[in-house]
Amino acid sequence: MKNFISVKDIPSLQYALDVAFDVKENPFAYQHLGKNKTMVLIFFNSSLRTRLSTQKAAMNMGMNTMVLNVNEDGWQLESDLGVVMDGDKPEHLLEAIPVIGQYCDVIGVRSFARFQNKEDDYSEKIISQFVEYAGVPVVSMEGATRHPLQSYADLVTIEEFKQKERPKVVLTWAPHPRALPQAVANSFVEWMRETDYELVVTHPEGYELAPDFIGNVKVEYNQKKAFEEADFIYAKNWASYSSYGQILSKDLSWTVNEEKMALTNNAKFMHCLPVRRNVVVTDGVIDSKNSIVVPQAANREVTAQAVLKMILEEL
Amino acid sequence: MKNFISVKDIPSLQYALDVAFDVKENPFAYQHLGKNKTMVLIFFNSSLRTRLSTQKAAMNMGMNTMVLNVNEDGWQLESDLGVVMDGDKPEHLLEAIPVIGQYCDVIGVRSFARFQNKEDDYSEKIISQFVEYAGVPVVSMEGATRHPLQSYADLVTIEEFKQKERPKVVLTWAPHPRALPQAVANSFVEWMRETDYELVVTHPEGYELAPDFIGNVKVEYNQKKAFEEADFIYAKNWASYSSYGQILSKDLSWTVNEEKMALTNNAKFMHCLPVRRNVVVTDGVIDSKNSIVVPQAANREVTAQAVLKMILEEL
Amino acid sequence: MKNFISVKDIPSLQYALDVAFDVKENPFAYQHLGKNKTMVLIFFNSSLRTRLSTQKAAMNMGMNTMVLNVNEDGWQLESDLGVVMDGDKPEHLLEAIPVIGQYCDVIGVRSFARFQNKEDDYSEKIISQFVEYAGVPVVSMEGATRHPLQSYADLVTIEEFKQKERPKVVLTWAPHPRALPQAVANSFVEWMRETDYELVVTHPEGYELAPDFIGNVKVEYNQKKAFEEADFIYAKNWASYSSYGQILSKDLSWTVNEEKMALTNNAKFMHCLPVRRNVVVTDGVIDSKNSIVVPQAANREVTAQAVLKMILEEL
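Here the protein sequences come in this chain order: A, B and C. Here the first sequence stands for residues 4 to 318, where the numbers follow the working numbering. Here the second sequence stands for residues 4 to 318, where the numbers follow the working numbering. Here the third sequence stands for residues 4 to 318, where the numbers follow the working numbering.
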């Protein structure tokens, strides 16, 4: 594997699962692959889980790590071409990226949707430049449109907790005070579409995901109906795609609560975290024994390590 | 040792001293204990000595380290229960803590008194939640009411520099432009009470430490009288406990100066640092040969390593 | 080598080149020298290349590293002597430096010119205190007046790309929206003066470098004339030394462009980065095949490692 940007980068879903379960079992067995190799983790946006889990994964592999918080440790980077750079930004990605690539063997990069320009976001303007200019493999630690390390961990978690071969998995929109990117939802759907699970997406009207991501997945606008017989409830807020970046609803009747969970097939509750308690989900649900958000987060380390193993094996 | 929050967590003072002197002599002898083990250091408040000394101690033990500056690298964390999280804080400690615990083997956490609510501070609201939810050992890198790594280093330093079996140790309040927590003073008294040293605390009226900490230790309101025949002068500012978090005095007549040091038994001068020169202590005293603030700070690495050794041995 | 502050600290230019080319060839061959050794990197000013390249160099040597961003991770440090510290700065360099020195084996420090006081800057007030009080070797990661790791990398780069024994090297001032320190220019001249290259410096009137640095190096005020037959064009902005810290010109006729590069002997284009495109240099020049800014930046890791090797060998 050269880069890890979307589900299309893995050889196959089954192979990815095999590697993940192997590194979970044997986290320190592959340090020869990472010896004297360095990963730089670049954050255009702040991070807790992604930073710690990816850094831990790299250390499990025997790698050295360096973390760079752009706009904090470093500086503002220009990303537009042909600009006369006499403003705030002292450096262009065209220099910064290949230079960083000289100091490491793998780059991880996080760059969220900015909601200023749908075209910029959906072309993955920042991550695409990293892939083009880094000269070393690039791992998305969440781009503008996808969060593949999260979705890969979601898949591993469902595989670990599923009680039947083909579980019903429901992605439900939930309210939130801020406008959040579609990356987690897009990416979750993209990965689930590669499985043979029964996938249902539920959200208020106006929150339809981008056509390329949702494809022909079933959308059910009645949340309660969607929950019926579900084995997994995956809650997530996202801002509107059609009214790009807008909050169309903060309707708390979409909060995942005990009453709705009672409609399911004793479903497990999932969320990528961080989660707004009593807005996205009630204390009762997230504190219940069916909540698997912590083991789900723990699998972020596992899949980050699996990705690094697949990359290091081909260096 | 499971957690390190107060002097009560160590098996015995003598054992703690033995371990400290051993790791000081042999800093790299125990790396097998830390191999493939990771410590996450979480700072709700900024740090220089504590961060560097604890990280260095962990590396001496062969551990990997990851540093998280909450409110900077990460984000604001909610700590109240039952809140509808529609405000500034996107994540609750109830998720953040166990998730961080999944990515490491030991957590170090620094969370100062906020002086907003005495009950919150003196119940160690933040560190207590870490102990309860982390799932891995927790080391206090200074809580709201105690700074045990500092006090342990203070003890080691006094043992190294004492000229008699039972030295007279004086903790003196000193003026400061800001309202500082009582943690260092509380914790110093708590540790000294476990020794057979002669301990005297001196401060202006209104600066009495919390009853649980001061116990029946001698308080002398006349600073000069307290200094007589002292072998160690430990200076520190703290805000009032009774008038909680208030500055009652900035009286520079409490500054530790050469004239007062002349009253002592050629006492060593100690301070946890950072120190305000010519406010807490004069240049003349801190620059004198009797000032041991640098070796005292150096012992922060030693005791942090001793704590990690005791914890790792029981993992 | 004890400290690395200027070209005067290296045994000889030839030895420095030999060490650099050796560690470039064998980056992981000297990890026994760095085992259980720690480098603290202290940044009073932000950094991308310097931080990553120096940290990488230290890791290549098998060292542990800790990064401290003063004014961010830590706190404001007082540097004046005799001050009554009742203001913003809670700690003095007189304590901070020796304490940091207790937790590591080598200190790297970056502290730019502040342009408030020429005397403070040109006496290297901050770095000089580190050298005096650290108790361990100090590596300048850019001081107020010099950037020796950069100049050393510049030298290595010229040696790698030169087509003749004694190339003509031109340092040209270029416009910039901000007032930048003279450190890179000073230091470049200082190192080039140790070679037998033909060195020419070109800049508008009023931008003369400090006499100690420029010495008797040829200054040519006609930029185009300076470029004639040049083998290397090194572009850099700096603020005025005589009108200390002032911007006297933003004249875009000094921008390095294709027309001027055509006057040279097919010269390579160099810049220390970060660079303002279409202000300091046109896209056409920096994107041309003659631009060697990326390999030049890559050599920052090489020379930082060479410096650490020379220091560690004498610890």
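Calculated from the structure, these hints are not laboratory results. One or more of the hints may lead you astray.
Identical copies carry no separate label here, and so any pair may be met within one copy or between two of them.
As the list claims (entries may be wrong) - With a cut-off of at most 27 Å between alpha-carbon atoms, the simulated BS3-like pairs for lysine-lysine come out as follows:
(1) 292 / 128
(2) 5 / 165
(3) 292 / 38
(4) 253 / 92
(5) 38 / 228
(6) 40 / 27
Hint check:
| no. | hint | result |
| --- | --- | --- |
| 1 | 292 / 128 | between (41 Å within a copy, 25 Å between copies) |
| 2 | 5 / 165 | neither (31 Å within a copy, 34 Å between copies) |
| 3 | 292 / 38 | neither (40 Å within a copy, 34 Å between copies) |
| 4 | 253 / 92 | between (36 Å within a copy, 17 Å between copies) |
| 5 | 38 / 228 | neither (52 Å within a copy, 51 Å between copies) |
| 6 | 40 / 27 | both (21 Å within a copy, 15 Å between copies) |
Figure legend: structure checked against the earlier numbered hints; hints not met, in rising order: 2, 3, 5.
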